[in-house]
Amino acid sequence: MNEFAEWLSQTYLSTLIQNHNSWVIPTIQSIHIVGIGVVLGSVFMVDLRILGWAGMDQTLRQTTNRFGPWLTGALCALLATGVLMVIGEPVRELVTVSFWLKMFLIAVGTLVAAAFQISLRKHEGDWEGAVRNRTSIKSLAILTFLIWVAIIILGRLIAYDHVWGSWSPAQKA
Amino acid sequence: MDISTFLASLEASAIATRIRDGLYLFPMIESTHVVGLAMVFGTIAIVDLRMLGLASNRRSVKRMFSDLLKWTWAAFALTAATGLLMFITNAGVYYHNTLFRVKMVLLVLAGLNMLVFELTAGRSIHRWDEAPSAPRSGKAAAALSLVLWISVIFVGRWIGFTTTRATPVSVPADVNFDDLFPGTPDGAAPEVPPDKK
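So the sequence lines, in the order shown, correspond to chains H and D.
Going by the numbering used here, the first sequence opens with residue 1, and the numbers climb by one from there.
Going by the numbering used here, the second sequence opens with residue 174, and the numbers climb by one from there.
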C-alpha cells in the first residue's frame, strides 16, 4: 500500500492538487462535509420513521422515496470528493487505520441501506407491520445510524491516526 | 480584565490544558463537532428545501418543524459545546483568526435570519402550512439559511488550515495496542523501531 500511495502521489492529477493545495484541499473537504450532512440527515429521517419518532404522516415507502435518492446522490458526491482527497494526499489517507476501518463501515452501511430499500420495494406490507411490532427492527435502525456516526468520526480521525498508537502504519513508517 | 488576559486565562484553565495535553480528547471533540454540524445542516436543509418547494412539498410545514427542529437544536447545542471546547484550547489564536470571526458573524446572521422568519412568514404559517412552498419572504429565509449554513461549513473547515495547533501532538511510545491481545496471530513482542526509543 505504501508503494501504491507513493506512486499515486507522483501522478499528474495528484501533483496538480498538491500544487494548489492551499485552496483545493479545503474546498474538496468542505464539499465532502456538506455531503456528509445530507447523508446523515437522510439516514436519520428514515431511522426516525422506523422508530416512529417522526414522519408518521408518511408511509415507510413514502419516506424512503423522499430520502433514498438524496442518500444515493450525496454518497456519489462523497465518493467523488473522497477519491479526489485520496489522489491529492495518498500517503496521508491510505496509510492509516482510520481510513480502512471507515471504508469497511461504508461498505456495511451502504449494503444495509441498499438491501433495506430493495426489500421494502418488494415486501412493503411486511415491513410496515414489522416496524410497528418488532423491537429488533428498531434496534437495527439505531445501529445503522450509529454506523454512519462512526464513519464520520473515523473520517475526521484520518488526520489523527496517532490515536491508534502502534496499530497505525503511519507510526511504524 | 482585558480581552487578551481573558483569552489567556481560558487557555490556562484546567479543562483546556487537559484537552491540549491529551492524546484522544481533541480528536474526539473535533469528530463530535463534525457529527453535530452534519446533523444541524442535514435537518435544517430538509426544512429549507420544503419551504422552497423543492422536496417533501405535500407535507405540512408545521409538522416537519415539530418533527425536526428539536433535533436541530439538540445537535446545535452539541456542536456549540464541542466548538467552545476547541476554542479554549487555543483561544488567543482563534480570536485573532479572521476566518473564525467571519464564521461567528455568519452564525449570528443565521440566527437573525431565523428570528426575522419567525416574526414574518412564520407568523402566518397556518395559511401556507399545506401549500407546496412558502410565501416569498419564507422562501428567501430558506434560501438564505442554506447559503449561510453551507458558508459556515466552508469557513469552519478553512479555520483548521489557517491556524496552528497549540501544541504539536507528540505520541508517547507507551501507546502500544499490540499488547492488548496477547497471543494474537503475530503474537511476538511488538518491534520498536530503533528511532522511536
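Bear in mind the hints are in silico, worked out from the structure with no lab data behind them.
Each residue gets a CB set at the ideal place from its N, CA and C atoms; glycine is no exception.
Don't take every hint at face value.
As the list claims (entries may be wrong) - In the DSBU-like style, the derived pairs of lysine-lysine whose C-alpha atoms are separated by at most 35 angstroms in a straight line are:
1. D:Lys243 to H:Lys122
2. D:Lys243 to H:Lys138
3. H:Lys138 to H:Lys122
4. D:Lys235 to H:Lys122
5. H:Lys138 to D:Lys235
6. D:Lys235 to D:Lys312
To be verified - Covered stretches of chain H (chain D as the covering partner; in silico rule of three or more C-beta atoms under 8 angstroms from a C-beta of chain D):
7. 24-38
8. 42-52
9. 103-117
10. 149-158
For each hint, the structure was consulted:
| no. | hint | in the structure |
| --- | --- | --- |
| 1 | D:Lys243 to H:Lys122 | holds (34 angstroms) |
| 2 | D:Lys243 to H:Lys138 | holds (20 angstroms) |
| 3 | H:Lys138 to H:Lys122 | holds (20 angstroms) |
| 4 | D:Lys235 to H:Lys122 | holds (32 angstroms) |
| 5 | H:Lys138 to D:Lys235 | holds (26 angstroms) |
| 6 | D:Lys235 to D:Lys312 | holds (15 angstroms) |
| 7 | 24-38 | holds (count 10) |
| 8 | 42-52 | holds (count 4) |
| 9 | 103-117 | violated (count 0) |
| 10 | 149-158 | holds (count 6) |
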